[in-house]
Amino acid sequence: MNEKQMTAPDSHYEQMIAEESVCTTENIVYEKPHTLTDTPFHYCPGCGHGVAHRLIAEVIEEMDIQEETIGVAPVGCSVFAYNYLNIDMSEAAHGRASAVATGIKRVLPEKYVFSYQGDGDLAAIGTAETIHTCNRGENILIIFINNGIYGMTGGQMAPTTLPNMKSTTSPFGRDTNSMGYPLKITELIAALPGTYYVTRQSVHKPLNVRKAKKAILNGFQYQKLNRGTCFVEIVSNCPSNWKMTPVESNKWLEDNMLPFYQLGDIKVPKEEIK
Amino acid sequence: MKELKLMKGNEALAEAAIRAGCDGYFGYPITPQSEVLEYLSREATARTGMVVLQAESEVASINMVYGAAGTGKKIMTSSSSPGVSLMQEGISYIACAELPCLLVNVNRGGPGLGTIQPSQGDYFQSVKGGGHGDYKLIVLAPSTVQEMSDFVKLSFELAFKYRNPVMILTDGALGQMMEKVELFPQQPRTNEIYPWATTGKKHERERSIITSLHIQPDKMEEINIHLQEKYRTIEKNEVRFEEVDCEDADFIILGYGLVARICQKAAQLAREKGYKVGVLRPITLFPYPTDVIRAYSEKVKGMMVVEMNAGQMVEDVRLSVEGRTTVDFYGRMGGIVPTPEEILEAFENKVLGRK
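Top line first, the protein sequences correspond to chains Z and Y.
1 is the number of the first residue of the first sequence in this note's numbering; add one for each residue after it.
1001 is the number of the first residue of the second sequence in this note's numbering; add one for each residue after it.
No lab work stands behind these hints, which were simulated from the structure alone.
There may be inaccurate statements among the hints.
Stated by the list, open to error - Pairwise CB distance ranges, derived in the manner of DEER restraints: (1) Y:Ile1215 <-> Z:Glu31: 25 to 33 Å; (2) Y:His1132 <-> Z:Asp265: 56 to 64 Å; (3) Y:Leu1319 <-> Z:Pro193: 55 to 63 Å; (4) Z:His34 <-> Y:Ile1215: 21 to 29 Å.
Said to hold, decoys possible - As a list, the in silico EDC-like pairs of lysine to aspartate or glutamate whose alpha-carbon atoms are at most 16 Å apart: (5) Z:Lys214 <-> Z:Glu61; (6) Y:Lys1202 <-> Z:Glu68; (7) Y:Lys1202 <-> Z:Glu61.
A virtual CB, placed ideally from N, CA and C, is assigned to each residue, including glycine.
Based on the provided sequences and hints, a complete structural model is requested.
Here it is, written out as structure tokens:
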């Protein structure tokens, strides 16, 4: 700092900002990707959706494929994903996002196409579409946010709700005798020859966020190989419907979700993209 | 030079899709229309590069249509009654998102799993909505194999003119029977880019969003008002019908699709007996030829509607006539096709009998 700044800091900073002398590229350490719009997220504080959205936006920006990417939003908490991602998007009926993505990719095979779906959307009402899209090996990326609960409708039991986990429709805990078992759909689709890359990640800690971003990047890049469906599950939280603080929910995720939904690659491609 | 062929209705329709420059077909097998998917699987991709995909269900098919039509390509599906019922949610989304596409229903007898024989039991479903919410399809009803071909081209023109889904409502008999058809020349597939379509956001335009979700009620009402205005425009511009011997008629028989041809034979038999009977065939079931029916209702002594159902289009005829003349009904159901003789008998008993 020079002498002038020290004597009259406020007015000088204002002047510097007005002259944009500090707003130079080399001074920027972090900024919002241009592939995110200015619309504030409607997500609850601490929810993983915002982080996942940002990772997708960062990958699209870093790959410079905004003009080549079409996304498909689900029905669920992320129904308005198209309000935040600054790309062409299609909203799908509940569970049908992978069918909608199939339609887009088949007529625009040179584009990057992805669907973004929650657990109720992808693993309950849309199970048939999920399995058959993966079994046909559609060259799309499916991003699957699994928080073990129906968020938008207010905390009902999901296909991925853990045994004994409470929800508004399993108020005494999920009884597997009458309510069935949590569905590990990611392991299921990894067994299909149509899938090329299947991985399970989380965004509850900075290290996991970086790994999740790499997985999403892989999912986009592999599309150019036309070798099959890429599937990235992100185990996430739901502070509001789990009735926890964000910090508590991330702790609960680590203690309860991750032992059941173990993180890591489930199906790794034979060749890496350089 | 004319290109004449003897073809099944379903195959003529599939051939017309290729020639109309259709970009993609998504469908699921169901009798009596599986020939459409079979013919396209055999012919289409090699000839024009058209995408043909057999989906895992009609639910998946219609949502693939939604995704693909959202890119501005010429997209279609076909099915028969139970399959079209499965598609209704997706059709409602397509109508609200204003996606041009072609839907074909080769109607079979219902309700339920019903029969694979021809029927017109899906008139209400096709014309009055079918899925949830206030929306309209443009509905075309061919009565010949020639029209099975011609209406495919017309459907795509109307679909893109109004950004509205168009349905060809036909039946199992027209789908399966063979007739001479003059094929129209091959049109190229176009690569037109529409500003509303999801083709990848370019710098010079806002991002394209295909959606039917408008959570603010004032916005949702605005969308509804816009759709209704569009439907009124379609009603003004696109009504199509055919009249046979109506000018001097004392009585008019109305029927659509295959039934209209049987009615023509019945009217001919009636004229041989000295009754001046004409046949009015609605070609567009939406928009409906209300005005012409109303005009005839001022002149004739009576009307009769014939359908292969329990009486569905007859309601629209009565709404057009508004009591100015009598409107009788004769219908067969469950896959039974009426004969000209029984239509004549019904005319004599119901229409002449009440005079």
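Each hint, compared with the structure:
1. Y:Ile1215 <-> Z:Glu31: 25 to 33 Å: 30 Å, holds
2. Y:His1132 <-> Z:Asp265: 56 to 64 Å: Once the Cβ atoms are compared, 42 Å apart, the range 56 to 64 Å for Z:Asp265 and Y:His1132 is violated.
3. Y:Leu1319 <-> Z:Pro193: 55 to 63 Å: 56 Å, holds
4. Z:His34 <-> Y:Ile1215: 21 to 29 Å: 26 Å, holds
5. Z:Lys214 <-> Z:Glu61: Answer holds: Z:Lys214 to Z:Glu61 is near 14 Å, not above 16 Å.
6. Y:Lys1202 <-> Z:Glu68: 9 Å, holds
7. Y:Lys1202 <-> Z:Glu61: 14 Å, holds
Consistency with the previously given hints fails for number 2 only.
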